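Enquirer: Chain by chain, the residues run as shown.
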Amino acid sequence: MKTDTPGQFVIAGLGGFQALLLGLCMLLAPGAGAREQVVVFDSTETPPVWSSSLTGGGMGGELLRLLSDEAGVTFSINYLPPARFRNSTSANIVGNPNLLKTERNRAIFPIGVLHLAYVYYTPHHPALQIASLADLSGHTLGVLRGTVENRAQFASFDINVEEADSIESLLRMLQRGRIDLAVMVEVAGKHHIRQTFPEHVQDFAVTRIPGTSLPITMMVDLDSTDGRELARRYRLALEKTVHTPQYDAILRKYHGQDPAHLKADRELLDRLMNLYESTWDE
Amino acid sequence: MNNLNCTNSFRSVLRNLTHLFAISLLLFSWSAQATAPRVAPKLFGDVRQVDVIGYYSSQQSSEAEGKLTADLLEAAFQAGGVQPNIDVLPSKQLAKYEFVVNRVPAMIVATDDLTAKEKKRYRTVAYFLSDIAAAKVPVLLAFDLKNPRGAKLHKAFDKGLQAIIKNGKYLELMRRHLGKDAIPADYLGQLKRQNPDWK
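Chains as they are written, first to last, in my numbering: chain A, 36 to 317; chain B, 77 to 275.
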């Protein structure tokens, strides 16, 4: 008998009956099956929030890891293109629930928040203060394609709107002076600036827009097999982890060290809990 | 100028309703950056803060009931002495997000939109009973009293609604939009029973 692995070696050293008994005990051990089961979450590849190429899977990935470790759940993430994500019928999904077209009896657990920011290139604009739409008059605003609303109102303030297919493109347009400022998710903007323009990080100003928030959530279909049990474990885990230093450390890593931001994010998270608690199966 | 703004605020409800289909088309046409957020002029603080949020629902009432809602809100708030800015979003999910998370002080809701816990958290005023023949499905304005603007709006709306019921304006609007014979005899009594705080 080959004994290439430690497991095989152990089993090889036992008699047939003992090996059978050991195997039976392992199968019957409480929770063994649950621990070995891998829960798969559908997601989009949206660095630095969800990303297969970042250590820990990005901000959302790290938060999900913290929560899953507490819940005793092993998970993996299935990254989908945006259109497929919006139509996902998977039992388990992570991301923004407002984007999903499919309706399910989903328990939604908020695990983090994102904010929008406007970004500009300081060599072209030393300081851009925007308190009203009129402050943008005569400027060109960059946005991701298909996301702009009410173009006529922008036009009425003499604001030109340019579209691009990616955040990298928007940042390049800023650097070349083709646009004056661009709107994007704050952490995504900072991430892509570091990735694409490591020599010019200081040249980009990123200003959070107050009152804009997007949820980072994990969702479990309560009607799926083991869905209610999984939701129960994650709910308890969320209660235990959301006020820990480990949780705060992940927020600080991605949102920065500003204590006012951390406080604001905590308040937002509480409101998100209020919003989604009706979806939990209690 | 103020009068113009006021009229525009209320009329924007109707205008928004008519544009919602187009907005929905825009939302569902996202492809390359489907997970990106919407960029609207209001991000830059050009327009007044939204005071009351509503949502479009294909299951919701007729066009006549939509116009009635806009007129009732306008009349009640005016009678209460405030001029709120009303916005209508394409879905309940988005509207509720704005109400709960981004702290819009008031939201137009059906009774089923709020859980028992939420009904305790927010103050509600029933201003209309849908399914008019049976006068049995309350449509409410829910106010977040922890929001300073919410408390002020609640006071104004509650007071104003009772005032227009008392002076006959409420029934006049009902008859104008739904027809004289559509309103059950005990309609106002039933509406008052939905608002137990009323004298």
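It is possible that some hints are incorrect.
Here chain B is said to cover these stretches of chain A; the calculated rule only asks that three of the stretch's residues, wherever they fall, bring their Cβ under 8 Å from a Cβ of chain B [unchecked claim]:
{"hint": "1", "region": "92-106"}
{"hint": "2", "region": "176-190"}
{"hint": "3", "region": "204-216"}
{"hint": "4", "region": "262-272"}
The calculated lysine-lysine pairs, modelled on DSSO-like cross-linking and capped at a C-alpha distance of 30 Å, are [stated by the list, open to error]:
{"hint": "5", "chain 1": "B", "residue 1": "Lys195", "chain 2": "A", "residue 2": "Lys136"}
{"hint": "6", "chain 1": "A", "residue 1": "Lys136", "chain 2": "B", "residue 2": "Lys245"}
{"hint": "7", "chain 1": "A", "residue 1": "Lys298", "chain 2": "B", "residue 2": "Lys195"}
{"hint": "8", "chain 1": "B", "residue 1": "Lys275", "chain 2": "A", "residue 2": "Lys298"}
{"hint": "9", "chain 1": "B", "residue 1": "Lys256", "chain 2": "B", "residue 2": "Lys118"}
{"hint": "10", "chain 1": "B", "residue 1": "Lys196", "chain 2": "A", "residue 2": "Lys225"}
{"hint": "11", "chain 1": "A", "residue 1": "Lys136", "chain 2": "B", "residue 2": "Lys256"}
{"hint": "12", "chain 1": "B", "residue 1": "Lys143", "chain 2": "B", "residue 2": "Lys275"}
{"hint": "13", "chain 1": "A", "residue 1": "Lys136", "chain 2": "B", "residue 2": "Lys228"}
{"hint": "14", "chain 1": "B", "residue 1": "Lys228", "chain 2": "B", "residue 2": "Lys168"}
{"hint": "15", "chain 1": "B", "residue 1": "Lys222", "chain 2": "A", "residue 2": "Lys275"}
{"hint": "16", "chain 1": "B", "residue 1": "Lys256", "chain 2": "A", "residue 2": "Lys298"}
{"hint": "17", "chain 1": "B", "residue 1": "Lys275", "chain 2": "A", "residue 2": "Lys136"}
{"hint": "18", "chain 1": "B", "residue 1": "Lys168", "chain 2": "A", "residue 2": "Lys298"}
{"hint": "19", "chain 1": "B", "residue 1": "Lys193", "chain 2": "A", "residue 2": "Lys275"}
{"hint": "20", "chain 1": "B", "residue 1": "Lys275", "chain 2": "B", "residue 2": "Lys196"}
{"hint": "21", "chain 1": "B", "residue 1": "Lys222", "chain 2": "B", "residue 2": "Lys256"}
{"hint": "22", "chain 1": "B", "residue 1": "Lys168", "chain 2": "B", "residue 2": "Lys195"}
{"hint": "23", "chain 1": "B", "residue 1": "Lys222", "chain 2": "B", "residue 2": "Lys196"}
{"hint": "24", "chain 1": "A", "residue 1": "Lys298", "chain 2": "B", "residue 2": "Lys245"}
{"hint": "25", "chain 1": "B", "residue 1": "Lys222", "chain 2": "A", "residue 2": "Lys298"}
{"hint": "26", "chain 1": "A", "residue 1": "Lys275", "chain 2": "B", "residue 2": "Lys195"}
{"hint": "27", "chain 1": "B", "residue 1": "Lys193", "chain 2": "B", "residue 2": "Lys245"}
{"hint": "28", "chain 1": "B", "residue 1": "Lys245", "chain 2": "A", "residue 2": "Lys275"}
{"hint": "29", "chain 1": "A", "residue 1": "Lys298", "chain 2": "B", "residue 2": "Lys118"}
{"hint": "30", "chain 1": "B", "residue 1": "Lys268", "chain 2": "B", "residue 2": "Lys256"}
Sample of chain A residues with no beta-carbon within 10 Å of chain B, all distances over it, derived [to be verified]:
{"hint": "31", "residue": "Ser87"}
{"hint": "32", "residue": "Pro132"}
{"hint": "33", "residue": "Asn133"}
{"hint": "34", "residue": "Asn140"}
{"hint": "35", "residue": "Leu151"}
{"hint": "36", "residue": "Pro161"}
{"hint": "37", "residue": "Phe232"}
{"hint": "38", "residue": "Asp238"}
{"hint": "39", "residue": "Ile244"}
{"hint": "40", "residue": "Ser259"}
No wet-lab data here; the hints were simulated from the structure. For clarity, every value in this text was computed on a predicted model and none was experimentally measured. We put the CB at the ideal spot given by N, CA and C, even for glycine.
Enquirer: Confirm or reject each hint.
Expert: Results for each hint:
1. Residues of the region 92-106 of chain A lying with their CB closer than 8 Å to a CB of chain B number 0, which falls below the three-residue condition for coverage.
2. Under the rule that three or more residues need a Cβ within less than 8 Å of chain B, the assignment of the region 176-190 of chain A holds, with 11 such residues.
3. Judged by the Cβ-Cβ criterion of 8 Å, the region 204-216 of chain A is not covered by chain B as claimed, because only 0 of its residues qualify and three are needed.
4. Under the rule that three or more residues need a Cβ within less than 8 Å of chain B, the assignment of the region 262-272 of chain A is violated, with 0 such residues.
5. Under the criterion of a C-alpha separation no larger than 30 Å, the hint pairing Lys195/B with Lys136/A is consistent with the structure, at around 28 Å.
6. Under the criterion of a C-alpha separation no larger than 30 Å, the hint pairing Lys136/A with Lys245/B is inconsistent with the structure, at around 42 Å.
7. A distance of roughly 27 Å separates the Cα atoms of Lys298/A and Lys195/B; the hinted pair therefore holds under the 30 Å criterion.
8. With a CA separation close to 42 Å, the supplied pair Lys275/B and Lys298/A exceeds the 30 Å bound.
9. Taken as a hint, the Lys256/B and Lys118/B pair is broken in the structure, with Cα atoms around 40 Å apart against an allowance of 30 Å.
10. Of the pairs offered as hints, the one joining Lys196/B and Lys225/A is violated, with about 41 Å between alpha carbons and a cut-off of 30 Å exceeded.
11. At roughly 41 Å between alpha-carbon atoms, Lys136/A and Lys256/B are farther apart than 30 Å, so this suggested pair is violated.
12. Straight-line distance between C-alpha atoms of Lys143/B and Lys275/B comes to about 28 Å, which keeps the hinted pair within the 30 Å bound.
13. Simply put, Lys136/A and Lys228/B have alpha-carbon atoms about 37 Å apart, too far for the 30 Å limit, and the pair is violated.
14. Only pairs whose Cα atoms come within 30 Å are accepted, and Lys228/B paired with Lys168/B is accepted, the gap being roughly 24 Å.
15. For the proposed pair Lys222/B and Lys275/A, the alpha carbon gap of about 27 Å is at most 30 Å, so the pair holds.
16. For the given pair, Lys256/B sits about 55 Å from Lys298/A by alpha-carbon distance, which is inconsistent with the 30 Å threshold.
17. Under the criterion of a C-alpha separation no larger than 30 Å, the hint pairing Lys275/B with Lys136/A is inconsistent with the structure, at around 45 Å.
18. Restraint check for Lys168/B and Lys298/A: the C-alpha separation of about 28 Å stays at or below 30 Å, so the hint holds.
19. Straight-line distance between C-alpha atoms of Lys193/B and Lys275/A comes to about 22 Å, which keeps the hinted pair within the 30 Å bound.
20. With a CA separation close to 21 Å, the supplied pair Lys275/B and Lys196/B stays within the 30 Å bound.
21. Among the hinted pairs, Lys222/B with Lys256/B is inconsistent with the structure: their alpha-carbon atoms are about 40 Å apart, more than 30 Å.
22. Only pairs whose Cα atoms come within 30 Å are accepted, and Lys168/B paired with Lys195/B is accepted, the gap being roughly 16 Å.
23. Among the hinted pairs, Lys222/B with Lys196/B is consistent with the structure: their alpha-carbon atoms are about 13 Å apart, no more than 30 Å.
24. Pair hint Lys298/A plus Lys245/B does not hold up; C-alpha atoms about 47 Å apart against a cutoff of 30 Å.
25. Only pairs whose Cα atoms come within 30 Å are accepted, and Lys222/B paired with Lys298/A is accepted, the gap being roughly 18 Å.
26. Proximity of Lys275/A to Lys195/B is assessed by CA-CA distance (about 27 Å); at most 30 Å being required, the pair is judged to hold.
27. Note on Lys193/B and Lys245/B: the hinted pairing is violated, with a Cα-Cα distance of about 34 Å set against a maximum of 30 Å.
28. Between Lys245/B and Lys275/A the CA atoms are separated by roughly 54 Å; this puts the pair beyond 30 Å, and the hint is violated.
29. Using a Cα cut-off of 30 Å, the hinted pair Lys298/A and Lys118/B holds, with the two alpha carbons roughly 25 Å apart.
30. Taking the CA atoms of Lys268/B and Lys256/B, the gap is about 20 Å. The hint holds against a cut of 30 Å.
31. Every beta carbon of chain B lies more than 10 Å from that of Ser87/A, the smallest distance being close to 16 Å; the non-interface claim holds.
32. At roughly 7 Å, the least C-beta separation between Pro132/A and chain B is not larger than 10 Å, which violates its mark as non-interface.
33. Under the 10 Å C-beta cut-off, the non-interface status given to Asn133/A relative to chain B is violated; the minimum distance is some 6 Å.
34. With 10 Å as the threshold on Cβ separation, the claim that Asn140/A sits away from chain B holds: the shortest Cβ distance comes to roughly 14 Å.
35. With 10 Å as the threshold on Cβ separation, the claim that Leu151/A sits away from chain B is violated: the shortest Cβ distance comes to roughly 6 Å.
36. With a least beta-carbon separation of about 20 Å from chain B, Pro161/A lies farther than 10 Å from that chain, consistent with its non-interface assignment.
37. In this structure Phe232/A is separated from chain B by more than 10 Å, as the shortest Cβ-Cβ distance comes to about 20 Å.
38. Annotated as non-interface, Asp238/A keeps its C-beta farther than 10 Å from every C-beta of chain B; the closest such distance is 23 Å.
39. Some Cβ of chain B comes within 10 Å of the Cβ of Ile244/A; the nearest lies about 6 Å off, and the non-interface call is violated.
40. At roughly 21 Å from the closest C-beta of chain B, the C-beta of Ser259/A stays outside 10 Å, upholding its exclusion from the interface.
Violation of the numbered hints given earlier is confined to hints 1, 3, 4, 6, 8, 9, 10, 11, 13, 16, 17, 21, 24, 27, 28, 32, 33, 35, 39; the remaining hints are satisfied by the structure.
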